[in-house]
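Sequences listed follow chains Y and H, in order. Quick note: the first sequence uses my numbering, first residue 1163, plus one each step. Quick note: the second sequence uses my numbering, first residue 44, plus one each step.
When the alpha-carbon atoms are kept at most 27 angstroms apart in a straight line, the in silico BS3-like pairs for lysine-lysine are as follows: (1) H:K99 to H:K66; (2) H:K156 to Y:K1470; (3) H:K156 to Y:K1465; (4) Y:K1665 to Y:K1696.
These aren't lab readings, by the way, just hints derived from the structure by calculation.
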Amino acid sequence: MSNIDKHKEAFREEAYELLTELERSLLELEESPDNMELIGTIFRALHTIKGSGSMFGFDRIAGFTHEVETAFDLVRNGELTVTNELIDLTLSSRDHIKKMLDLPEEHDDLAGKEILSSLKRLLPGKQHDKAAAVSSEKTGSLSETNSNNLTYRIQFRPNTDIFTKGINPLLLLDDLHTLGTCKVVAYYDSIPLLDDIDPEACYTYWDIILTTDKGTNAIKDVFIFIEDDCKLVIDIIDDGEKLNEEISNRKIGEILIERGFVTKEDLDKVLSQQKRIGQMLVESDIVDSRKIEAALTEQQHIKEIKQKDQQKEQADTASSIRVASDKLDNLVNLVGEMVTVQARLSQLSAYKNDPDLLSIAEEVERLTGELRDQTMSIRMLPIGTTFSKFKRLVRDLSKELGKEIELSTEGAETELDKTVIEKLNDPMVHLIRNCIDHGIETPEVRINIGKPAQGMLHLSAKHSGAYVLIEIVDDGAGLDADVIRSKAVEKGMITPDAELTEKEIYSLILAPGFSTAKTVTNVSGRGVGMDVVKRAIDNLRGSIGITSQKGIGTTITLKLPLTLAIIEGLLVQIGKEYFVLPLSVVEECVELTREDIANAHGRHLANVRGQIVPYIRLREQFIIHGELPEIEQIVIVGVEGHRVGFVVDEVIGEHQTVIKTLGRVYKGIEGISGATILGDGTVALILDIQKLVQIAECEEVIK
Amino acid sequence: MTRKGGFQTRPYKETRDNMADIKAEKKGKEHLIVINGGLTIEYAAELKNALQQSLKTGERVVLDLSNVTEMDLSGLQLLCSAHKTSVNLKKTLELMQNTGEVFKETVRKAGYKRYTGCTKETEKSCLWIIGN
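Using the sequences and the hints given, assemble the complete structure.
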């Protein structure tokens, strides 16, 4: 990749991020159209896309974005109000920019022109031409003053009679505090003794050091009503940049000279005595200690502001680093190998029983464990980005279907493995579409049945052990168990007299080809949806739970593993073969004696503390020959609320399982979800518990 | 009371039905002045008189500000002036240890806080020194 290509790639990545931010901000702006901060964010995002776009030769993007930016410049200046139309257009502009990024070669300028001309219609009068012409210069200077904090020294000396005019100087100081970081130093040296004091006169005067980005005029505004009743001097003492070096190293004496409290000669004279400058000045009676204090305050204030800036800069640079995701995948693979090799080392050292080797093996085990956890945590991403994508989806869909829906999210910071998040997107989109299309009713219907016109859709994510639970909750019509049931009978999926629990009925909607929608919309209703969702979630080793109350709403819960690359497994042995069960589903292990088998009269049922648990003989399932041990073991797992046992020869123990996918040839094998390499180099197959249970159930039905 | 422009919400010198309660107790040469309620410009003249009287007759004057509910610049100025006067007369003027939140807040707002006394004589006793 040439250097230029690299830069272009970097720009594209950045632009994608900015577009996501732009989208999020726009959607938020829709809810609070007066939020200047959001408008600023939107403007900056557009500005950056335009700027770096033209820098790297994406002239079409730059040209297009410029026009949109112009509109938001007007918004920022209060010349254009935020309307739904504007947000709609800006969202389509955002999509258009994304299209141009996706396919830089394709020229679909027509769509762009259409958006722009609609956008221009929104602009007040002829102004947009003018605005467009000046916007680039204007934005340059504007953004500078906006981001720039200036530090002012305000010398404020009210006339003695201001109290009688009903002015409270303390309130003025309060107003200054609202402008920015502010330090106030009062002088009370002109307060007379009690005998001479007029209790209703003001003798105090102030030096105020204020750091603000609002400009001199904002400060003058504070004093506007007493302009004629006070002496006011406002100086800029620090502009944040140019004076940087000079200011932070400024000596107290220099500040005093600048303020006119001391002359240079006085200072030099005193300096020659070589004592602390403040002390010397006081002793020499040139200034009183209060003035030194004020100068000290000023010095300190500027130092603090500088420190804050520096900290911010450091935080900005150190907060993140961009890494290509395939590099990360490689790293995870390597760590996986490492874990495997470490297991071999541990096994070998245990066999050799050499104390030196053992201690090394232990150390390696500890380090590998940490390395594994760290690497996994790098791959973890907050699910929030996915959530914000759905905001757009919900907005567009509800508009299309004429429904009013408010989307709320919770637990956006919950972290999930990158691949899980990526693969989760499609099923989530499907579920949300279903909620909006089938679940939530139109505003008229809702009002009729006494619900608020606006429907509610809530997405939440939270950790639960090695799993993440994602809930999609709506307050729509809910699932109708009777309709589902009759539909299933009609399709021949169940017999008319089958007795099913509510939960079982709901899970029917996950079957392929099932749809209760009377009409097919372009959103959903074709019956290809839910089984695709089910398969996708199964592939992620997750599960789907559905609860619903007719007329009140539906909750769909997705249970997903934190990561796909490494799982905690339970290693078992059958004959000479090793197998791994995901430890997360294992509930307990019990013994199965010959006697127990005889008592069950050929049925695969075990009596566990009075409870009947069906079991599957893996030896039969995988057709493994050889002698049965005297006492077999049943590993009891929980599958979709049921307890099912798996009979194995021996339970070896917990095993850090690095999941390897089986090759293409073995892809079709049912009941196996992958493989792992054990410490001694042998391969152990990872069991697909759910599939195995399904297979066993089918066989039972056939019998 | 945070109106733009710093105007007070009520006219200057309102009717005195809610008078600041300034009480002076005498224990020989020691005077305790307890101020309840507002220490604002409406009562500035009253406070001035109380301080003046106490400093004339007493040797040590202690101010209890813990029940002050409102305070403005005029109050701060009077306290400062009284203190300067006490130093001049070689008498003592002190605040009770617990000065109350209103006093502290007003001192902070007005930028009256300081690190050393304004003259050598007030080095230790200045009312505005942080921690005093």
